[in-house]
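Same order as they appear, the protein sequences are chains Z, C, E, A, H and B. Note that the working numbering has the first sequence beginning at 1, numbered continuously upward. Note that the working numbering has the second sequence beginning at 1, numbered continuously upward. Note that the working numbering has the third sequence beginning at 1, numbered continuously upward. Note that the working numbering has the fourth sequence beginning at 1, numbered continuously upward. Note that the working numbering has the fifth sequence beginning at 1, numbered continuously upward. Note that the working numbering has the sixth sequence beginning at 1, numbered continuously upward.
One should not assume that every hint holds.
Quick list of simulated restraints, FRET-style, between CB atoms [claimed, not checked]:
1) B:D25 to Z:F29: 55 to 63 Å
2) H:P115 to B:E74: 51 to 59 Å
3) E:Q139 to Z:P57: 49 to 57 Å
Covered stretches of chain Z (in silico footprint by chain B; criterion: 3 or more residues with CB under 8 Å from a CB of chain B, positions within the stretch not fixed) [unchecked claim]:
4) 24-33
5) 94-100
6) 128-135
Using 30 Å as the maximum straight-line C-alpha spacing, the simulated DSSO-like pairs for lysine-lysine come out as follows [to be verified]:
7) E:K69 to E:K22
8) C:K93 to H:K22
9) H:K67 to A:K66
10) B:K9 to B:K95
11) B:K9 to A:K66
FYI, nobody ran anything at the bench for these hints, they're computed from the structure. Just so it is clear, CB atoms sit at the ideal spot from N, CA and C, and this is done for glycine as well.
6 protein chains.
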Amino acid sequence: MPLLYITRKEHFNAAHQLWNPKISDEENFTLFGKCANPNFHGHNFDLFVCVKGQPDPDTGLVMDLKKLKIIIREQVIDDLDHQNMNIDVPWLKDKMPSIENISVAIWNRIAPHLPVGVALHKITLWETQNNFVEYFGDQAE
Amino acid sequence: MPLLYITRKEHFNAAHQLWNPKISDEENFTLFGKCANPNFHGHNFDLFVCVKGQPDPDTGLVMDLKKLKIIIREQVIDDLDHQNMNIDVPWLKDKMPSIENISVAIWNRIAPHLPVGVALHKITLWETQNNFVEYFGDQAE
Amino acid sequence: MPLLYITRKEHFNAAHQLWNPKISDEENFTLFGKCANPNFHGHNFDLFVCVKGQPDPDTGLVMDLKKLKIIIREQVIDDLDHQNMNIDVPWLKDKMPSIENISVAIWNRIAPHLPVGVALHKITLWETQNNFVEYFGDQAE
Amino acid sequence: MPLLYITRKEHFNAAHQLWNPKISDEENFTLFGKCANPNFHGHNFDLFVCVKGQPDPDTGLVMDLKKLKIIIREQVIDDLDHQNMNIDVPWLKDKMPSIENISVAIWNRIAPHLPVGVALHKITLWETQNNFVEYFGDQAE
Amino acid sequence: MPLLYITRKEHFNAAHQLWNPKISDEENFTLFGKCANPNFHGHNFDLFVCVKGQPDPDTGLVMDLKKLKIIIREQVIDDLDHQNMNIDVPWLKDKMPSIENISVAIWNRIAPHLPVGVALHKITLWETQNNFVEYFGDQAE
Amino acid sequence: MPLLYITRKEHFNAAHQLWNPKISDEENFTLFGKCANPNFHGHNFDLFVCVKGQPDPDTGLVMDLKKLKIIIREQVIDDLDHQNMNIDVPWLKDKMPSIENISVAIWNRIAPHLPVGVALHKITLWETQNNFVEYFGDQAE
Chain Z
1 MPLLYITRKE
11 HFNAAHQLWN
21 PKISDEENFT
31 LFGKCANPNF
41 HGHNFDLFVC
51 VKGQPDPDTG
61 LVMDLKKLKI
71 IIREQVIDDL
81 DHQNMNIDVP
91 WLKDKMPSIE
101 NISVAIWNRI
111 APHLPVGVAL
121 HKITLWETQN
131 NFVEYFGDQA
141 E
Chain C
1 MPLLYITRKE
11 HFNAAHQLWN
21 PKISDEENFT
31 LFGKCANPNF
41 HGHNFDLFVC
51 VKGQPDPDTG
61 LVMDLKKLKI
71 IIREQVIDDL
81 DHQNMNIDVP
91 WLKDKMPSIE
101 NISVAIWNRI
111 APHLPVGVAL
121 HKITLWETQN
131 NFVEYFGDQA
141 E
Chain E
1 MPLLYITRKE
11 HFNAAHQLWN
21 PKISDEENFT
31 LFGKCANPNF
41 HGHNFDLFVC
51 VKGQPDPDTG
61 LVMDLKKLKI
71 IIREQVIDDL
81 DHQNMNIDVP
91 WLKDKMPSIE
101 NISVAIWNRI
111 APHLPVGVAL
121 HKITLWETQN
131 NFVEYFGDQA
141 E
Chain A
1 MPLLYITRKE
11 HFNAAHQLWN
21 PKISDEENFT
31 LFGKCANPNF
41 HGHNFDLFVC
51 VKGQPDPDTG
61 LVMDLKKLKI
71 IIREQVIDDL
81 DHQNMNIDVP
91 WLKDKMPSIE
101 NISVAIWNRI
111 APHLPVGVAL
121 HKITLWETQN
131 NFVEYFGDQA
141 E
Chain H
1 MPLLYITRKE
11 HFNAAHQLWN
21 PKISDEENFT
31 LFGKCANPNF
41 HGHNFDLFVC
51 VKGQPDPDTG
61 LVMDLKKLKI
71 IIREQVIDDL
81 DHQNMNIDVP
91 WLKDKMPSIE
101 NISVAIWNRI
111 APHLPVGVAL
121 HKITLWETQN
131 NFVEYFGDQA
141 E
Chain B
1 MPLLYITRKE
11 HFNAAHQLWN
21 PKISDEENFT
31 LFGKCANPNF
41 HGHNFDLFVC
51 VKGQPDPDTG
61 LVMDLKKLKI
71 IIREQVIDDL
81 DHQNMNIDVP
91 WLKDKMPSIE
101 NISVAIWNRI
111 APHLPVGVAL
121 HKITLWETQN
131 NFVEYFGDQA
141 E
C-alpha cells in the first residue's frame, strides 16, 4: 500500500514575550530585541499538522480529517487562541514561548491522540509571513 | 493629467485586548468574547496606505514610495510594532483598540505628512486573514 | 462620527454547471466552454461581506463580527457548502449559477438580517484565484 | 554535480463525492460527512509536481519547465479540469476520489514521461487552503 | 437589472529601469534609488482588469471571461511578458515605465476592445507584494 | 535535545536572461523560449533559508533570526536586489543565472557564516508563483 502524508492547517492568535528572568534587562533586550518588550506583543500563528499512513482501502483516507481537526482544536487551539502564552497555558508553564519550544510542546500534545496506523510526521508553525519552524520529533545527536 | 491611486503595504505585530472598564466583566465577555481575555492576545496586522494624485511628468510617479514608507514607519509602525496597543502607544491612549479606532488614528497620524499634491485616500487594516477594516476619512451623516 | 467599512471572509466548496436548457448543446459549449461539462465541476469559493457604519462609542466596533459570521453562515454558507448549486439550493432555483447571479442572491440573503445602523456595502465572491465579482446592490441605469 | 529539486505548480477545478457503494447511506455520511452529499461538490485543486536531477552544464536547468508543464497538462490537467472525478476520468475509474488516491494516480500518470536523468520526487495536492496531501512514491512497510 | 463588477487576473514578468535622461546621474539615483540601476531589474507583475455591466439574462454573465482573457493577452500580456519595458514595447516608447504610467497605457490598450454594454472600470497593477497602483480612467481636476 | 528547522524568508527583485553564448540564437530560443529575450526580463524572487539545530536552553532559540536576516542580506540580498544577474553580481559571473545555479551559489554564500551548532539545511528559491527550486547541499551520485 502507498504511504501518504496528509496535512491539516489551523490557526490561533496569541500574545507572548521572550524574556529570561535569570539575566539582566539589558541582556534580554540584546538577545530578544523587540520581542522582549515588557507588555507583550502578539501574532497570528498558522499551525500545520502533518501525519503519515496508508489510505484505508474502503475510504481512500489516511485519516478522517474532521477527527484530526478535533484533536488539534481540543489539544492545542482551545488552549492557545486569544491567550497569553507566557501566563495562560499550563503546558507552556516555565518554558520560553519561542516557536521552537511551542512546536515541540504541540507535538507532545497531539502525538498520543492519533488513531492506530497513523503517525505524527511534522509540526510546522508560522509566526509571521517571514519565519516558521518545523519539528519532526527528532533529537539532535 | 490622469488621477492615480497608489498603495504601500507595511505590517506590524502587536498585542491588544478589547475591554470596557465602565461595564461588568460579564458584559465585557458577552460583547467581546475571546478578545476580552485579561492577559492580552495579539495579531500580525497588515496595513495598506492608499494615496491619490497625478504622476509627475518627469518621474512618472504620484509620490516617491520610499518617502511614503518612511512616513508610515515613523508615524505608525515604530510606535505599534511589538507593542501593547492598550498600554504602550500615546496616540491610542483612552481609545478602545478596535481595528476601527486604530484605523482612524492611523489616518490622523499620516494625513498631515503627505507632500503637496498628494491626498490620503484610504487606510486598510487587516487583523486576521478573515477580517479587515477600511477608512476613507469620511464622517457618517 | 467616522464612517468605517468592515469585511468578514468566509468560504465554501461547491459544485455547479453553466447550462441554458433553452438553447442547443453546441450553443451551450460555445457560450460556457468547459463550464458546461455535463457532470458538474466545482470550486473553493471565497466570500467577502463588507458592511458600513460608525463605531459604537462604548465598544469601538461597527458591528460584532461574531454576529456577522453567524448571519453569513446561517443565511449562505450552510446552504452552499459541499452542495451542488444547480440542484440543492432553494434560493438559487431557476437561476443560472454564475458568480454574478450568486452574488446578487447572497446580497438579498444577508441584507435583511443586519442590525440597525449597519448597512450592507459590498459582496465580493472569488471563484478561482484569477476571477471574482463585486456587487454593491446597485441597479444598472 | 549538485542535486536539485524543482517544482512546477498547476491547478484544476473539479467536482467529486466521497461515497462507498458497499456500505449504507448512514455509514457513508458518518465516514465522509458533507463530502458524501449526493449531487457532488467541488474544489480548486493546486497541484505541485517536484522532480529531482542535476542541472545541465550548458543550460543550468534540471529540466525544461515548459516540457514539464506540457507533461502535467497532457497527462493530468486536461483530464481533470472542469470534470467530475467520480464519473469522467478513465484513470480514476473504480477509485475513491480522495486526494490520497488522486495523488497516487497522478504520480503514476507523470512518472513514465520524465526525460532520462530526471526522477519524480513528490506530488503535492491541495484540496482547500486548509488541507493537502504529499506522496513520494513510497510504499508503507 | 443589477450592476456588477467582474475582475480577471493575469500576470507577466518583465524588466524595467526608472531613469530620466534629462537630469544628471546623481539626481536620478536620488529620485529613483535602486530602481535607477543601469542594467535593469525586474518584477512579477500581477494585473487585475475590472469591467462593469449587467448580467445577460440568458447566460448570467456580464461578459465571457474567456474573451476578456484573450483581449488582455493580445493587447497587453503578449507585448510585456518576458520583455524589457524601456526598450521592447512600442506603446510604452518615450514613457517612464513607472507602474502609474504603465497602468494608464494598459487602460488605453484594453478599453476600445470591450464588447457593447461592458465598460472598463479599473486597472490594478501590483509590482511587488508591497505596492500597487489603481487607475479608474479619471483625470485629476 | 530536540532538533528543529527554522526558516527565514527574504526577497529581491532582479533581472536576468537565459542565454548560452556557445550555441546559435535559434538554439537558445528553442532551449530557453521567452527567457532568452535579449533585453532581459525580471522577477520578484522569494528566498527561504532553512537552518537546523537545537534550541538554546536559555533562549529557546535555534538561532537569533535577526542575525540570520543580516547574514542573508549582507551575503545575498544586497548584491542581487534591483540588479541584473547576468552582469552585476561577481559571484554569479560566468554562471547561467537559472534558479538552480543561483540557489547553489546562495548556499555557498551563506553556509560559511552560520554560528557554531547551526547547519544550513535548505535553500528554496521561488521565481514565480508557479515554480521554485530546492537545494539541500547534496551532490548527485
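To see whether the hints hold, each was checked on the structure:
1. B:D25 to Z:F29: 55 to 63 Å: Check passed, 59 Å falls within 55 to 63 Å.
2. H:P115 to B:E74: 51 to 59 Å: 54 Å, holds
3. E:Q139 to Z:P57: 49 to 57 Å: The hinted range 49 to 57 Å holds for Q139 (chain E) and P57 (chain Z), with Cβ atoms some 56 Å apart.
4. 24-33: holds (count 3)
5. 94-100: Holds, because 6 residues of the region 94-100 of chain Z bring their Cβ atoms closer than 8 Å to Cβ atoms of chain B.
6. 128-135: Our answer is that it holds, as 7 residues pass the Cβ test (under 8 Å) against chain B, meeting three.
7. E:K69 to E:K22: 38 Å, violated
8. C:K93 to H:K22: Cα-Cα ~50 Å, so violated.
9. H:K67 to A:K66: Judged against 30 Å, a Cα distance of about 25 Å means the pair holds.
10. B:K9 to B:K95: 24 Å, holds
11. B:K9 to A:K66: 27 Å, holds
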